[in-house]
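Going line by line, the protein sequences match chains A and B.
According to the working numbering, the stretch in the first sequence is residues 1 to 451, in order.
According to the working numbering, the stretch in the second sequence is residues 1 to 451, in order.
Derived from the structure by calculation, the hints contain no laboratory data.
The beta-carbon is built from N, C-alpha and C at its ideal position, and this holds for glycine as well.
One or more hints might be untrue.
[To be verified] In silico negatives: residues of chain A with every beta carbon more than 10 Å from chain B:
1. ASP14
2. GLU24
3. GLU48
4. GLU156
5. ASP179
6. SER441
[Said to hold, decoys possible] Output of the computed footprint for chain A on chain B, the stretches with three or more beta carbons under 8 Å from beta carbons of chain A:
7. 12-26
8. 66-80
9. 127-138
10. 152-165
11. 191-201
12. 255-268
13. 295-306
[What the hints assert, rightly or not] Chain B is nowhere near these chain A residues, computed Cβ spacing over 10 Å in every case:
14. PRO108
15. LEU144
16. THR319
17. LEU379
18. SER411
For reference, the chains in residue letters:
There are 2 protein chains.
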Amino acid sequence: MARIEPRTLKGFRDYLPEAMIPREALIETARRVYRSYGFVPIDTPALEYAEILTGKGGEESDKQLYRFLDHGGRDVALRFDLTVPLARFVAQHANELGLPFKRYHVGPVWRGENTQRGRYREFLQCDFDTIGSESLVSDVEMVLVIHDLMRAIGFEAFVIRVNNRKLLNGVLQKLEVGDRAPAVLRAVDKLGKLDRAAVEAEIVREAGTSAEQARLVLEFATLRSSSGGEQERVLEVLEPHVRGNELAELGLDELHQVVGGARDAGVSAGHVRVDVSIARGLDYYTGTVVETSLTDPEGASIGSVCSGGRYDDLASLYTAQRLPGVGASLGLDRLLTAMEELGLVARRGSTAPVFLAYFEAARLGDYLRLASDLRATGLGVELYPEPRKLGAQLKYADRRGFPLALVVGESEWAANRAQVKDLGSGASASVPLRGADGGPSPELLAALAPR
Amino acid sequence: MARIEPRTLKGFRDYLPEAMIPREALIETARRVYRSYGFVPIDTPALEYAEILTGKGGEESDKQLYRFLDHGGRDVALRFDLTVPLARFVAQHANELGLPFKRYHVGPVWRGENTQRGRYREFLQCDFDTIGSESLVSDVEMVLVIHDLMRAIGFEAFVIRVNNRKLLNGVLQKLEVGDRAPAVLRAVDKLGKLDRAAVEAEIVREAGTSAEQARLVLEFATLRSSSGGEQERVLEVLEPHVRGNELAELGLDELHQVVGGARDAGVSAGHVRVDVSIARGLDYYTGTVVETSLTDPEGASIGSVCSGGRYDDLASLYTAQRLPGVGASLGLDRLLTAMEELGLVARRGSTAPVFLAYFEAARLGDYLRLASDLRATGLGVELYPEPRKLGAQLKYADRRGFPLALVVGESEWAANRAQVKDLGSGASASVPLRGADGGPSPELLAALAPR
Numbered sequence: 001m002a003r004i005e006p007r008t009l010k011g012f013r014d015y016l017p018e019a020m021i022p023r024e025a026l027i028e029t030a031r032r033v034y035r036s037y038g039f040v041p042i043d044t045p046a047l048e049y050a051e052i053l054t055g056k057g058g059e060e061s062d063k064q065l066y067r068f069l070d071h072g073g074r075d076v077a078l079r080f081d082l083t084v085p086l087a088r089f090v091a092q093h094a095n096e097l098g099l100p101f102k103r104y105h106v107g108p109v110w111r112g113e114n115t116q117r118g119r120y121r122e123f124l125q126c127d128f129d130t131i132g133s134e135s136l137v138s139d140v141e142m143v144l145v146i147h148d149l150m151r152a153i154g155f156e157a158f159v160i161r162v163n164n165r166k167l168l169n170g171v172l173q174k175l176e177v178g179d180r181a182p183a184v185l186r187a188v189d190k191l192g193k194l195d196r197a198a199v200e201a202e203i204v205r206e207a208g209t210s211a212e213q214a215r216l217v218l219e220f221a222t223l224r225s226s227s228g229g230e231q232e233r234v235l236e237v238l239e240p241h242v243r244g245n246e247l248a249e250l251g252l253d254e255l256h257q258v259v260g261g262a263r264d265a266g267v268s269a270g271h272v273r274v275d276v277s278i279a280r281g282l283d284y285y286t287g288t289v290v291e292t293s294l295t296d297p298e299g300a301s302i303g304s305v306c307s308g309g310r311y312d313d314l315a316s317l318y319t320a321q322r323l324p325g326v327g328a329s330l331g332l333d334r335l336l337t338a339m340e341e342l343g344l345v346a347r348r349g350s351t352a353p354v355f356l357a358y359f360e361a362a363r364l365g366d367y368l369r370l371a372s373d374l375r376a377t378g379l380g381v382e383l384y385p386e387p388r389k390l391g392a393q394l395k396y397a398d399r400r401g402f403p404l405a406l407v408v409g410e411s412e413w414a415a416n417r418a419q420v421k422d423l424g425s426g427a428s429a430s431v432p433l434r435g436a437d438g439g440p441s442p443e444l445l446a447a448l449a450p451r
Numbered sequence: 001m002a003r004i005e006p007r008t009l010k011g012f013r014d015y016l017p018e019a020m021i022p023r024e025a026l027i028e029t030a031r032r033v034y035r036s037y038g039f040v041p042i043d044t045p046a047l048e049y050a051e052i053l054t055g056k057g058g059e060e061s062d063k064q065l066y067r068f069l070d071h072g073g074r075d076v077a078l079r080f081d082l083t084v085p086l087a088r089f090v091a092q093h094a095n096e097l098g099l100p101f102k103r104y105h106v107g108p109v110w111r112g113e114n115t116q117r118g119r120y121r122e123f124l125q126c127d128f129d130t131i132g133s134e135s136l137v138s139d140v141e142m143v144l145v146i147h148d149l150m151r152a153i154g155f156e157a158f159v160i161r162v163n164n165r166k167l168l169n170g171v172l173q174k175l176e177v178g179d180r181a182p183a184v185l186r187a188v189d190k191l192g193k194l195d196r197a198a199v200e201a202e203i204v205r206e207a208g209t210s211a212e213q214a215r216l217v218l219e220f221a222t223l224r225s226s227s228g229g230e231q232e233r234v235l236e237v238l239e240p241h242v243r244g245n246e247l248a249e250l251g252l253d254e255l256h257q258v259v260g261g262a263r264d265a266g267v268s269a270g271h272v273r274v275d276v277s278i279a280r281g282l283d284y285y286t287g288t289v290v291e292t293s294l295t296d297p298e299g300a301s302i303g304s305v306c307s308g309g310r311y312d313d314l315a316s317l318y319t320a321q322r323l324p325g326v327g328a329s330l331g332l333d334r335l336l337t338a339m340e341e342l343g344l345v346a347r348r349g350s351t352a353p354v355f356l357a358y359f360e361a362a363r364l365g366d367y368l369r370l371a372s373d374l375r376a377t378g379l380g381v382e383l384y385p386e387p388r389k390l391g392a393q394l395k396y397a398d399r400r401g402f403p404l405a406l407v408v409g410e411s412e413w414a415a416n417r418a419q420v421k422d423l424g425s426g427a428s429a430s431v432p433l434r435g436a437d438g439g440p441s442p443e444l445l446a447a448l449a450p451r
């Protein structure tokens, strides 16, 4: 028979269990944190009318769309993010949803990107947004969600950098380059990558400012705290730069409230930092903007793992109703990379903590019952399906990364004993198999308890 | 500005929170049960080379494929199930995976079906399979997983119907219609929908059997227990019908072992039933086959909510390695329908149990801190983002379906008290706000504890 070569498309990838287990765990952690703030899940179709998706994304994302005619001749495309579908969704269901509406959404998106840049053409997004309120409480909450999430994952050395687009735009107005804000901010966004002189030259070249204007822009953009404990001082330092411009003053006041709200909620000062160099793209955001980075040496080069901000009007393409909102997006792939580099991920191919060897064929019923009884106590148990030699089974268990193996041979069945093997250390303990009530003995349960 | 009408494609749907919350909970339950047996998660791309997907599905699924040329001119398509991608995946990664390989996979699939049949063109599948072992232990485990899952969801009145394709095919051989097995079984599959005489006529007409052969086929196919407690008797009744045909005898022996294994593991007799009328499609399965249905009046018409079986060779299109396996697929949509009909789903638009009203604007820092302190104890708390009138906030909380509201006004802040309102009954209790350690008081935590 002619065989078909098993392969995935360029830019697409399979997730093997060793990669999928931590990914699932990370998504579950994110969901748990989102829910603890009252965010609710939604889902939308992968395929949408192309006109819905091409409306907003801009030329770059239009070019990357997976777009085709369906069976009914409709012009359709795969979604390239979860924000455009959210806008369509809220516009379509506004009456049923009620406002404010706090949603999270986890799902794949597709972009026909150039894979030479190390990008994948299919990746998972994991967003949360509060729609329909202009209150800064929702901005504070975005910071709190990111903070709780980072800690729930196991990160301690991280910082959420906060800025405000009104502050930036107002200061640019003051410097009389407000009309060239996009080009200026595009250059400022490169501050982490290029040195200051290069960014200054780029502002002059790309935005057509004077050298003095470019210098003043950078003087402002680099006003940030060197340590985490001085947010109040940083905000004071910004004060003279904004004075006299209403928009900048408003932005600074908002920044004050967001940083203060996070502190009031108990976030330690080291985890939130004002950083006026953060612009986060060009058109979309209108108020608070945030980026999150790891601060230990292993994580510092990974870039922002969670970014977002406030926007004035989510769905103007689809509805006359003005829908302001604020939200952020988790960088799942970057987070997983960081978790691996920091040793927060156990690379293992098992989900159950206990491996139960099956090697007395005639005892199958007993093995099945034992596994069921252990599962009924909440313990995950994988029973090997074939009565092979113990050594082969333990090799399988070891390869899969099971922490514990439970071994019950004929003599043990007869004597009501069980061996619990620690597959990490190789240590082995013999304990009673069943207790007085006929169920797994307390000693067995203690020996198998997760550490 | 010209607006775009916000709408979804025909055959596609949005999940609003009221529908998505129980769907997420159901998937989490399934994952938890799968993991408790050692199944591990994988993921594969939504898009595959079309040749991978068209290889196996047959004409019907080829016609329903969402297929197009991508940016690089590749002939690609959206997957229509999770089984073909599993076959491709196992063939491609066999060396890394090791056998036996027990995987689960939850993900969307797409079929351009006729929506007039009430079908959706995008739906979620939730499969589990054990690849690489011929041991019937894996067949037993499939039954146990379904059993545990149904009970974990909250169903008690259900039955897992078990049959064996070797038994069916052997009996058809004995009746000298083995060469027409597909047409015969297609008719037998209709036994639940058509009456016996109609099915008998269809066998004669479609498979070209004699009337006597059709009668004998149906005599066999309707040999099943009327009550759940008589599996051993049913197996005895089948005995004379299989005698002399090796394949049928083997099938009956396997059926014995699967039903016996489930009983040994502690499954009550009422939850597993031999049903020799179950054929489960035509080409794919080669041994054990199962269907699961609800037995109470509200659920009986819903059809099989979890079906599967054993197959000899998963990936012959992609590899020379023979890969037998056994597994099943959850009918998520049917299960959700059944859960609703049986009242197992609370239709609510909230994920956090506690709604915290915010109506003393000057106390924002205190509200933020209180919410954080409660979340730190593991309690989900949604803080309303705007200091609106209490009535409007409670209306929002009620509409969202929050069970409890926490109300702290200025006099309460001053007196260190809090009001806990039960939004179901309308009852209200006043408790101390903070305890001696400065955290939420034990009385407050008790009043907010999930019931």
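query = Within the stretch 152-165 of chain B, is the number of residues with a Cβ closer than 8 Å to a Cβ of chain A three or more?
reply = Not satisfied, violated; 0 residues make the cut.
key: Proximity test - 8 Å, beta-carbon atoms, the stretch 191-201 of chain B to chain A, at least three hits   = violated (count 0)
inquiry  = Can you tell me if the stretch 12-26 of chain B counts as covered by chain A, using C-beta to C-beta distances under 8 Å and a minimum of three residues?
reply    = holds (count 10)
request  = Take a quick look at SER411 of chain A and tell me if its Cβ sits farther than 10 Å from every Cβ on chain B, holds or violated.
outcome  = Holds, because the least Cβ-Cβ distance between SER411 of chain A and chain B comes to about 21 Å, which exceeds 10 Å.
ask   = Does the no-contact call for PRO108 of chain A survive, Cβ to all of chain B over 10 Å?
value = Violated: least Cβ distance 6 Å, not greater than 10 Å.
message = Checking a non-interface call: every C-beta of chain B should be farther than 10 Å from the C-beta of LEU379 of chain A. Is that right?
response = violated (8 Å)
inquiry  = Please verify that the nearest CB of chain B lies beyond 10 Å from GLU156 of chain A's CB.
reply    = Since the minimum Cβ distance to chain B is about 16 Å, GLU156 of chain A lies beyond 10 Å and the statement holds.
key: Verdict on chain A covering the stretch 255-268 of chain B, criterion of 3 CB contacts below 8 Å   = That given contact holds, which follows from 5 residues of the stretch 255-268 of chain B lying within Cβ reach (below 8 Å) of chain A.
query = In terms of beta carbon proximity below 8 Å, does the stretch 66-80 of chain B have 3 or more residues touching chain A?
reply = holds (count 9)
key: THR319 of chain A non-interfacial with respect to chain B [C-beta, more than 10 Å]   = violated (7 Å)
key: Assertion that GLU24 of chain A lies farther than 10 Å from chain B (Cβ)   = Non-interface label fails for GLU24 of chain A: nearest chain B Cβ at 5 Å, not farther than 10 Å.
request  = Determine whether the non-interface label on SER441 of chain A survives the test: each CB of chain B must be over 10 Å from its CB.
outcome  = Per Cβ check, SER441 of chain A is outside 10 Å of chain B; nearest 18 Å; holds.
This entry does not satisfy hints 1, 2, 3, 10, 11, 13, 14, 15, 16 and 17, going by the numbered hints stated previously.
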